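Based on the hints, put chains A, E and L in the right spot on chain P.
Protein chains: 4
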Amino acid sequence: MSENSAPQFHSDVTVELVRASAEDADVIFAARVSTQGEQSLEADKMEGTKTEQDQKRDRGLINYLMRDRHGSPFEHNSMTFYVQAPIFVFREFMRHRIASYNEESGRYRELNPVFYVPNSSRNLIQTGKPGAYEFHPGTAEQTALVDQQTRDVSMHAYEAYQRMLEAGIAREVARIVLPLTIYSSMYVTMNARSLMNFLSLRTKREGSHFPSFPQREIEMCAEKMEDHFARLMPLTYEAFNLNGRIAP
Amino acid sequence: MSENSAPQFHSDVTVELVRASAEDADVIFAARVSTQGEQSLEADKMEGTKTEQDQKRDRGLINYLMRDRHGSPFEHNSMTFYVQAPIFVFREFMRHRIASYNEESGRYRELNPVFYVPNSSRNLIQTGKPGAYEFHPGTAEQTALVDQQTRDVSMHAYEAYQRMLEAGIAREVARIVLPLTIYSSMYVTMNARSLMNFLSLRTKREGSHFPSFPQREIEMCAEKMEDHFARLMPLTYEAFNLNGRIAP
Amino acid sequence: MSENSAPQFHSDVTVELVRASAEDADVIFAARVSTQGEQSLEADKMEGTKTEQDQKRDRGLINYLMRDRHGSPFEHNSMTFYVQAPIFVFREFMRHRIASYNEESGRYRELNPVFYVPNSSRNLIQTGKPGAYEFHPGTAEQTALVDQQTRDVSMHAYEAYQRMLEAGIAREVARIVLPLTIYSSMYVTMNARSLMNFLSLRTKREGSHFPSFPQREIEMCAEKMEDHFARLMPLTYEAFNLNGRIAP
Amino acid sequence: MSENSAPQFHSDVTVELVRASAEDADVIFAARVSTQGEQSLEADKMEGTKTEQDQKRDRGLINYLMRDRHGSPFEHNSMTFYVQAPIFVFREFMRHRIASYNEESGRYRELNPVFYVPNSSRNLIQTGKPGAYEFHPGTAEQTALVDQQTRDVSMHAYEAYQRMLEAGIAREVARIVLPLTIYSSMYVTMNARSLMNFLSLRTKREGSHFPSFPQREIEMCAEKMEDHFARLMPLTYEAFNLNGRIAP
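Residue numbers (the working numbering), protein chains in the order written: chain P, 379 to 626; chain A, 379 to 626; chain E, 379 to 626; chain L, 379 to 626.
The set of hints was computed from the structure by calculation and includes no laboratory data.
Worth double-checking, as some hints may not be accurate.
Result set (SDA-like, lysine to any residue): computed pairs, CA atoms no more than 20 Å apart in a straight line [unchecked claim]: (1) A:Lys507 x L:His448; (2) L:Lys507 x A:Arg447; (3) P:Lys582 x E:His448; (4) E:Lys582 x E:Met564; (5) A:Lys434 x L:Pro508; (6) E:Lys507 x L:Glu550; (7) A:Lys582 x A:Tyr511.
Just so you know, these numbers come straight off a predicted model, no measurement behind them.
Chain P with its partners taken away, still in its complex shape (with noise of 0.2 Å):
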């Protein structure tokens, strides 16, 4: 066996943003284009240091924007994230098409035995409807049961793919018995436009105009690119939730 080979679980989600080139003043320019000549815009450029009405009429400006659902403004910018999550999470996380992936290949390298397992904050009932789903805390047995049949599974399913690489078996073969459970990771880039479209979809925080159901997992990766942005592009995202966090 590998080095790498004993077993790891974890419960959460990294995410690191290691590329960003965003910022509201990018949306400002482009939205500008369509009122003003260049030579405003070099002027704007040259202005220095903000006064405070320069910063009203921005946030002014992004409202309105966002409001209006101009959106093209909201794609003049790029940010790529490394996430680390369980090859579930990446199931959902890959219908979002306007983005750009590389993932980890169980094609080109052996896998390491790192596993998610959910602990005890992780919701495990579910009542309610389809599309109105709640979820509620399971008890101490459930908890438990959830715990032991994910390590076991995921620990089974570990050592028949190591048999078989043992074996001589292709990389590409072996993997298929691996759980949904494993992690992988990837990067992924992202316009602002595209990040509040996945956030809309992808969180279930207060004051959304249309209601969601994600799956924590992904919420979980959702949240922690969301702070990454509310930090980067301050005035639009407060204008993404002013607005009823619908993505224009």
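Same frame as chain P, but now just chains A, E and L:
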């Protein structure tokens, strides 16, 4: 346990064409708008049965569009496939962003115990460097090992899944222990241009300008889709092959 | 001069539905795959004539999908329109990226002298601030001025175009003097989800959650497309209107 | 008349790189995630100055990705250009759907009288069949005719535009008489993969696998964008040229 719980193992994939509005004539009319007025189009429709000369002209036009990479005339058509394949195939499939997907959901329904197991025709041994892997048959022992491990892990995981469901655990939680061998089903809709791009990357048929090294199982899907495409749009398919199997 | 050269002036746009594979049932089957196995789908197809209860269930499902913004089931369908409109409309139209376009080309053929001129029902006066413009009828004098200037410039420019063609200048060069009033024609293919997005931005019909301020001439196209859509997919159209005319 | 109203005529286009987050290293890190864990990536970053061997390895990896059409690693980067060109160029430009656009709006501001006129280096005569046109210089008389007609029509149309604005006609109506020669400006954002696709179709430089026949004026834009790209991502650009100038 539910009545569906007797595990089944399959070694193939299913592709049904459930809806198609796609023929070579759709390429012709879209291309002709560039060079003709509507009257010519109307005249073309009124022509009735096509002469041999018409067909030669159509073949020539489609071949010219493909060769010079005029891609847009190949987009005014639509094919919907119903695909049943293991989840590890869907993971690769959904990386193709110019398509529409709806997949069976383990959040809304209990999944059936239907699993993929490689059969004896599946090459199990990989040689060569990344980007130029070659695959060869395994020995009888290797084949038996893969068969036995895949069945064992799949059944073991499904039992854990059932055990959690019976204990009242939410479907979206219990399903995380299932292996990548489990079958899922989806509808996928593409136009001919997008489908040709898919085929160029997910088959390694002869005549391709650029090498591709698809995993065999997604290639099995691609080949079945290709058969439908070849039948629906024979001139387009012929031009695709004549021009190095590169999507325009 | 060519036989086509007598200038024509029109004040309307043409939208023909030339190809459609789009009905409410396409939404239903795509959504059902999430929750049912294929057998149920087959059973659904075999049902024959739908009962009143079936229709109520279908209407409820489509409304639920729209409300909760499950957008992908609205993508497995396809509509192709033949549109004739002035170039300034096509400039706005082609900003919509989730669609397929093939337009008449001034590089490949000599363009006909067919021009748009606003008629008396076109509001000519604009008041209010950007983002909240209101439009009002012009005076008789203003109306006459617009009519006269538009005809004059269009004919003047077309004469220059003809003069250059006659002198042997390439079509792609001569055409650059033509005005934005000249009509062009194109095929455009969209699915219902993309079309609803288009309608939400290019009409200002009542009941919309968000304001839109489309230029009247593209709205004329949008309204004709909307009529086709309403007829092809009545339940989807109803749900679109019930849910604030926001695409899912 | 406004102070901007003295007509100007230009024969070139402007392309400024206003924002870029795009280097060869962005391709490398995205590709490495497939084959390495994060630790290796971290180690790679810590390496400090790259040795000659590192550079050779990077060049080899990028060339391999291009050759085998692994396209996604070329998407984790972003370039924003400010482009000034006549409207007939923008009409072609915006057919490229994998890009973000914000253009100056004739609805929100009065347009300046800046017009394109072909200069003496612009080939005016076209020979050959569609798909294989060749262009040749015009005679002195032809050149003079094009120059004179273009200037005349542009000024005539702009006067009508001014006349309508002065009479109180809405900008969005008055502008419809303007010719395709009028300059507009826009911001366009693309990633390297999309830009390579654009270049493959809008330049006819040597070494291309497939022929392209772009109109000269959009090719002028493309060539300026290509210069920026070559400087920002030299290894990627080299691999693009080595592999037939086909986007992966």
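Here is how each hint holds up against the structure:
Proximity of Lys507 (chain A) to His448 (chain L) is assessed by CA-CA distance (about 16 Å); at most 20 Å being required, the pair is judged to hold. With a C-alpha separation of about 16 Å, the suggested pairing of Lys507 (chain L) with Arg447 (chain A) holds against the 20 Å cut-off. At roughly 15 Å between alpha-carbon atoms, Lys582 (chain P) and His448 (chain E) fall within 20 Å of each other, so this suggested pair holds. Between Lys582 (chain E) and Met564 (chain E) the alpha-carbon distance is near 24 Å, which puts this suggested pair outside the 20 Å criterion.
The suggested pairing of Lys434 (chain A) with Pro508 (chain L) holds, with an alpha-carbon distance near 18 Å, which does not exceed 20 Å. Restraint check: the Cα-Cα separation between Lys507 (chain E) and Glu550 (chain L) comes to about 14 Å, which is no more than 20 Å; the hinted pair holds. For the hint pairing Lys582 (chain A) with Tyr511 (chain A), the CA-to-CA distance comes to about 12 Å; that is within 20 Å, so the pair holds.
The structure shown violates just one earlier hint, number 4.
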